[in-house]
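Trainee: One letter stands for each residue in the lines below.
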Amino acid sequence: MAERKIEWTRKHLLGLRELSREEIELILDTANSFAEVNKRSIKKTPVLRGKVVVNMFFEDSTRTRNSFTLASRRLGADVIEFTKKSSALSKGETLLDTARNLEAMGVDLVVIRHNAGGTPKLLSRSINACVVNAGDGFHEHPTQALLDVYTIREKFGSLDGLKIGIVGDIANSRVARSNVYAMTKLGAEVTLIGPPTLMPPVGDLPVKVSNNFDDVIESLDVVNMLRVQFERLSSNPFPSKREYTRLFGLTEQRMKRAKDNIAVIHPGPMNRGMEIESSVADGANSLILRQVTNGIAVRMAVLFLVSRAPE
Amino acid sequence: MGNKINTNELLIKNGRVIDPLNNIDSVCDVLIEEGRICYVGKVQKQMPEDKVIEASGKIVCPGFIDMHVHFREPGDEEEETIRSGSHAAVAGGYTSVVCMPNTDPTIQDETSIEFVHRMGRQTRKTHVYAMGALTKDRKGVELSEMGLMAGAGAAGFTDDGTGVQDASVMRKALKYASMFGLVVSQHCQDSSLSGNGVINAGFNSMLLGLPGMSPLAEELMLWRDIQLNKSIRAKYHAQHISTKGSVDIIRKAKQEGIPVTCEVTPHHLLLNEQTVAEYDTNYKMNPPLRTDEDNAALKEAVKDGIIDALITDHAPHLQSEKELEFLYAPFGIIGLESALPLFGKALIEDGIIDWPELVAMLTCKPAEILGIDETKGSFTKGKWGDITIFDPEEKWQIDVNKFFSKARNCPFHGWDVKGKVCYTIVGGEVRYSSERD
Numbered sequence: 001m002a003e004r005k006i007e008w009t010r011k012h013l014l015g016l017r018e019l020s021r022e023e024i025e026l027i028l029d030t031a032n033s034f035a036e037v038n039k040r041s042i043k044k045t046p047v048l049r050g051k052v053v054v055n056m057f058f059e060d061s062t063r064t065r066n067s068f069t070l071a072s073r074r075l076g077a078d079v080i081e082f083t084k085k086s087s088a089l090s091k092g093e094t095l096l097d098t099a100r101n102l103e104a105m106g107v108d109l110v111v112i113r114h115n116a117g118g119t120p121k122l123l124s125r126s127i128n129a130c131v132v133n134a135g136d137g138f139h140e141h142p143t144q145a146l147l148d149v150y151t152i153r154e155k156f157g158s159l160d161g162l163k164i165g166i167v168g169d170i171a172n173s174r175v176a177r178s179n180v181y182a183m184t185k186l187g188a189e190v191t192l193i194g195p196p197t198l199m200p201p202v203g204d205l206p207v208k209v210s211n212n213f214d215d216v217i218e219s220l221d222v223v224n225m226l227r228v229q230f231e232r233l234s235s236n237p238f239p240s241k242r243e244y245t246r247l248f249g250l251t252e253q254r255m256k257r258a259k260d261n262i263a264v265i266h267p268g269p270m271n272r273g274m275e276i277e278s279s280v281a282d283g284a285n286s287l288i289l290r291q292v293t294n295g296i297a298v299r300m301a302v303l304f305l306v307s308r309a310p311e
Numbered sequence: 001m002g003n004k005i006n007t008n009e010l011l012i013k014n015g016r017v018i019d020p021l022n023n024i025d026s027v028c029d030v031l032i033e034e035g036r037i038c039y040v041g042k043v044q045k046q047m048p049e050d051k052v053i054e055a056s057g058k059i060v061c062p063g064f065i066d067m068h069v070h071f072r073e074p075g076d077e078e079e080e081t082i083r084s085g086s087h088a089a090v091a092g093g094y095t096s097v098v099c100m101p102n103t104d105p106t107i108q109d110e111t112s113i114e115f116v117h118r119m120g121r122q123t124r125k126t127h128v129y130a131m132g133a134l135t136k137d138r139k140g141v142e143l144s145e146m147g148l149m150a151g152a153g154a155a156g157f158t159d160d161g162t163g164v165q166d167a168s169v170m171r172k173a174l175k176y177a178s179m180f181g182l183v184v185s186q187h188c189q190d191s192s193l194s195g196n197g198v199i200n201a202g203f204n205s206m207l208l209g210l211p212g213m214s215p216l217a218e219e220l221m222l223w224r225d226i227q228l229n230k231s232i233r234a235k236y237h238a239q240h241i242s243t244k245g246s247v248d249i250i251r252k253a254k255q256e257g258i259p260v261t262c263e264v265t266p267h268h269l270l271l272n273e274q275t276v277a278e279y280d281t282n283y284k285m286n287p288p289l290r291t292d293e294d295n296a297a298l299k300e301a302v303k304d305g306i307i308d309a310l311i312t313d314h315a316p317h318l319q320s321e322k323e324l325e326f327l328y329a330p331f332g333i334i335g336l337e338s339a340l341p342l343f344g345k346a347l348i349e350d351g352i353i354d355w356p357e358l359v360a361m362l363t364c365k366p367a368e369i370l371g372i373d374e375t376k377g378s379f380t381k382g383k384w385g386d387i388t389i390f391d392p393e394e395k396w397q398i399d400v401n402k403f404f405s406k407a408r409n410c411p412f413h414g415w416d417v418k419g420k421v422c423y424t425i426v427g428g429e430v431r432y433s434s435e436r437d
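Note that the protein sequences, when read in sequence, are chains A and B.
Residue numbers in the first sequence follow full-length UniProt numbering, run continuously in steps of one, and reach 311 at the last position.
Residue numbers in the second sequence follow full-length UniProt numbering, run continuously in steps of one, and reach 437 at the last position.
FYI, nobody ran anything at the bench for these hints, they're computed from the structure.
Idealized CB from N, CA, C, for every residue including glycine.
Just to be clear, a hint being listed does not mean it is correct.
[Stated by the list, open to error] Under the rule of at most 30 Å between Cα atoms (straight-line distance), these lysine-lysine pairs were calculated in the DSS-like manner: (1) B:K322 <-> A:K11; (2) B:K13 <-> B:K418; (3) B:K381 <-> B:K402; (4) B:K383 <-> B:K45; (5) B:K254 <-> B:K175; (6) A:K84 <-> B:K322.
[What the hints assert, rightly or not] Not everything, but these chain B residues come out facing chain A in the computed CB check (under 8 Å): (7) G41; (8) L193; (9) F203; (10) L216; (11) F326; (12) Y328; (13) F331.
[Said to hold, decoys possible] Beyond 12 Å from chain A on every Cβ pair, some chain B residues (computed): (14) Q122; (15) K254; (16) E278; (17) E321; (18) S433.
Same shape as in the complex, but just chain B (with noise of 0.2 Å):
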């Protein structure tokens, strides 16, 4: 965001304050100078009154961080916009998000790294990055100008959407990527497997009469990745996961001390193939939704810690795509403006985990693995005042017409939800505010 001169003054009052970076979880309060955190605790300070934010009742909390959305600029405009992409973000209460580079043209050089920094930049609403395609046109072949990208402050290289077929290949990622210390995402899919399948392999797809895609697929590249990045060390992080095979690699990948980061969305925790059933392409993605056992499993990896960050996948589509026969559809489901009260149904509603859990795997965690924890994620003094505020009790139904997105590629719609988004700050300014909504 630059070093602009900032006289962004703002008090947030009498709010339940969570910053798990630093442990902390009190009522108190939050007091935002010249756009940065100034101190946390009880603030004595007169301040006028629109400075002041009242949140008794709500969570207050480092912004949420978004490692993996899609904003489809350049190329795909009329799909979403960084422009609207953003607002969309802050509605969700992220004040980060990272694009994936699989837009056309790929990103995968310094000029469109800068592109979308500065779209981000001009559209005032959240903090936008992005990360580089990790080979050349995401062919798997070449390695792209990951120095000059990462000059250009890419967030990481990934060829998202396709995993790195040829294990040569990605052991030279993993090993050239190590000299830049960014994270190297991979969407974890052995395309010799996974064929032109279009949701899970199994008796469903078999019911249904659509191809599918083996767990295995996802499983067998993950696997491979990390024993390729055993001695190589890079940060490694993979997207998506969706099997209970792949909890069980990433727990004992962690066990054994290899680097290895992962994350999970709302979707591979709530839903599942049997919500395919009426060919609704809402619920085409990409990894497919799997089973029970599945969504218990990596249920069951956030409580243990194995899950590092929650991640939408925000993935805008044409209406008119979508209405497609579902295996010419494309893949993705859109999430930004839903993820807080879904995470919350699937993680807090049923007892896996707390709040301080879930806004670690929001805030300071994210931003870990993308190393911009010097500026984001806690509230630790002289960070940027990037603050979400919610009301966790808050009760309401999702509809997609009132989304920000210019995407309703939702299979939440109609949703009885809990938990809503008051107010999103970004170095100290009020970015969204239910109350103007």
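Here chain A stands alone, though its shape is the one from the complex (with noise of 0.2 Å):
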């Protein structure tokens, strides 16, 4: 394990943005080394044997609750899966009601999925148990960025002085939230691109924001292409997905344009065609399933520190 700076003490992680880049880092080096454990034939170390982990998903989610499943058992916890359907909540339980119920079930970490912002915070305030945020409404997805920033950290060995664009659905993403927090800190420069319909108010955040694609393109080291969230979308916020393509799509004809090892992250599910190209999503330049495999490394070290930190 790379030497530590600092000492870790949080016992929630919420998001990303209260986040120092020293804490940040201690994250991706101490996933380093459970990215060893992955390795062997036995991919099992016994960090956190006896506690119990609950995976509270309000959301449809493969990719991130199949990776915390198997983050939480290659730790040794014991795993409770819950769903909304088969839970209380669909009799009218309340949130708060379903949380405290577990907790006198005993138990030690609550993972969170949930379509409305700050619900993991709400969680926080309420429970003694760890609460790590697997994604709130649009507001933060931290474990995705830890993933995608380690994932170009083992590409380029720094992201510092790096040229990332995030390009698509920026306002209804928490993934661009997250990401714009952890690449920044970790010292990229990155340019928001999309149409202006689907671009927040960026504020002071340290971004630049482009509406051309094509623009921005061959300065680019890596581009994070998100997934047009039409389930978010109320009305359309463009014309036509054959518009979008043009403008926005990560197209094998605009990776011309590209530099020669640009990297290419996308968190998943894609929609392969539109966002981004078949022939690019499983091209050279992409880390698409690299992100997919470090992503359990990353979330082995979240739940290890934070069942680690001082109450």
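Build the complex from these two chains, which are given one at a time in their own frames, with help from the hints.
Mentor: Shown next, in the form of structure tokens:
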């Protein structure tokens, strides 16, 4: 394990906005050592043995949920899988009542995915267990951003000075928000790219904004494509998928203008053929599956660190 | 309150008597006989001890009128009842309140107006009025039976909680309502722009990942209504305005002589969108908390007389509902029992206005908008003896656990404030005394 510059003190991981560069680096360094565990034939370490993790997923998820489940199990924890459909919530119980009940069963860590921004924070105020945000509304998705920067760091050694474009539905993307915090804190220059109808006010965030992908792509070291979240759009913010792809899709043609070693990342699931062409998603520059692999080590690191935080 | 024979006699001595309508601001006495204001000045009359209130160091003014409260009855009595709400009202110095019609069932016929009035009378605390819905089921499509409700004593009409979206329906509503001389009160919000927003739209909503409500949603409807009312000239009232843009629109309309009045809450003067950072649903309200700039513009508007009335928008909710995720928790906070010191903090302590001006916005101005100025809102001889006595200097801490309201959804819990209601007198009868609370 790399030499630690600081001690981890947070009992919850609610977002990356409040984290310092050192804290983010500590997570990434910790993830490095867990990545080693994942290469062994017996991929287990007993650091969370005897602990109970509950996965509370109120939104559909395959990748993140399975990643957290595997991460918890590889750390030796017992895992409870909880879904809204199979819970008392479908009988009208409130989220907090459910959480208090789970806590009464001795849960130590709660991993929560919810469609309402701020819900992990609400939970962290109300129960004693550690809370890890697995995506809340369009607020933050910290572990996704951590695995993104981990993957970028793996390729480039450091994010310092890298030019990164985040492309697409920024307004509705929790991944974009968390990535802006993580990438800029680690020294990257971030440009948000998309139509004005999908661009939130960026205030004093240290980012650039562009509505023209072609103007920017040549300068990028990393392009972070986002999924257009049709389920969150109440009315069409662009005229057609065809036009969107032409203006903001990562097509093979557009890739010809990019640097040879540009890294392509995407949090998934992808709308293939729309925001990203299949040949690019599966191409030589794509780190998309590498992200998935790294996700487990990063989540192991997060679960490990928060569970060790002083009370 | 009816014309019952009333032998209520009361002498309030040595207070600083403020009666803005009659330009009175002096230390003197107020005499009430048979429940009505009899004399303001130096009173020599000998009275039994239990009929005299010594008020030196205190402000004695007409009873406060809140033209915008929610008592949740009928339908949601677990949140608040007319009884519990009335207790909260007198504890806050209010001798008259106007209930909004967004109950379940909606207050939209003679019977429901009469029901609210009757429950208010039975509680024997504050006067309780009701506004009726402006359109049937508050859907903004068909006009409600305004004439029948006016006959039953409705205080005005509103689809409160939601603005009338269709401009032609609103025009009809203004025209029709003008025949009764009652106020049409609008929650200005264009739903196509406010969407599913839960806080003010902007950088802050972006950071918090919560859907925002654009200030323009409020301003567009307000501007539209004022244009509609230009020729109709009904009594049009904009509820709880919250943005600088709204202030500008109303200022201009008033300069042009278009009839419009408006109101503001203490929370829109004192709190801004930054307070939502912790996702505490006690800060979730509609209209949402805006920016520092909006707070300042609203205070300036109070100073300039653009704001006519101060209201609480008292909106009780169950704790279990407010414990929900921010996106799903209901809008609204309670306010009756903390209003006076909060208005004091926002407007007096900063030197925006003085006590007579503040008292006017709590008394004669809402009385005039509601058309109850014949009986309420001043110390003119013969009016009902509705009086609030408060100590402007008394310091205390807001504690929701001591509230008479059934609800606890108040973001001001724990605030150190100044200014406390000592007595609330309705029809010459002491209905609240801080000594007994």
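Trainee: Each of the hints needs a verdict: does it hold here or not?
Mentor: Now the hints, each set against the structure:
1. Distance check on the hinted pair: K322 of chain B and K11 of chain A sit about 25 Å apart at the alpha-carbon level, within 30 Å; holds.
2. At most 30 Å may separate the alpha-carbon atoms for a hinted pair to count; K13 of chain B and K418 of chain B meet this at roughly 23 Å.
3. With a CA separation close to 36 Å, the supplied pair K381 of chain B and K402 of chain B exceeds the 30 Å bound.
4. This hinted pair checks out: K383 of chain B and K45 of chain B have alpha carbons roughly 20 Å apart, not beyond 30 Å.
5. For a cut-off of 30 Å, the pair hint linking K254 of chain B to K175 of chain B stands: about 20 Å separates their Cα positions.
6. For the given pair, K84 of chain A sits about 20 Å from K322 of chain B by alpha-carbon distance, which is consistent with the 30 Å threshold.
7. Because the smallest distance between the Cβ of G41 of chain B and any Cβ of chain A comes to about 57 Å, over 8 Å, the interface hint for this residue is violated.
8. For L193 of chain B, the interface hint is violated, the least distance from its beta-carbon to any beta-carbon of chain A being 12 Å, above 8 Å.
9. Taking 8 Å as the C-beta contact cut-off toward chain A, the hint placing F203 of chain B at the interface holds, the least distance being around 3 Å.
10. Because the beta carbon of L216 of chain B sits about 14 Å from the nearest beta carbon in chain A, more than 8 Å, this interface hint is broken.
11. Interface restraint check: F326 of chain B against chain A, minimum CB-CB distance 5 Å, threshold 8 Å, status holds.
12. The closest approach between the C-beta of Y328 of chain B and any C-beta of chain A is roughly 6 Å, which is under the 8 Å cut-off, so the hint is satisfied.
13. Checking F331 of chain B against chain A by beta carbon gives a least distance of about 15 Å; that is not within 8 Å, so the hint is violated.
14. With a closest Cβ-Cβ approach of about 34 Å to chain A, Q122 of chain B is found to remain outside the 12 Å limit, as its non-interface label requires.
15. The beta carbon of K254 of chain B sits about 32 Å from the closest Cβ of chain A, which is more than 12 Å, so the claim that it is off the interface holds.
16. In this structure E278 of chain B is not separated from chain A by more than 12 Å, as the shortest Cβ-Cβ distance comes to only about 7 Å.
17. With 12 Å as the threshold on Cβ separation, the claim that E321 of chain B sits away from chain A is violated: the shortest Cβ distance comes to roughly 9 Å.
18. With a cut of 12 Å on Cβ distances, S433 of chain B stays outside the contact zone with chain A, its closest approach being about 38 Å.
Figure legend: structure checked against the earlier numbered hints; hints not met, in rising order: 3, 7, 8, 10, 13, 16, 17.
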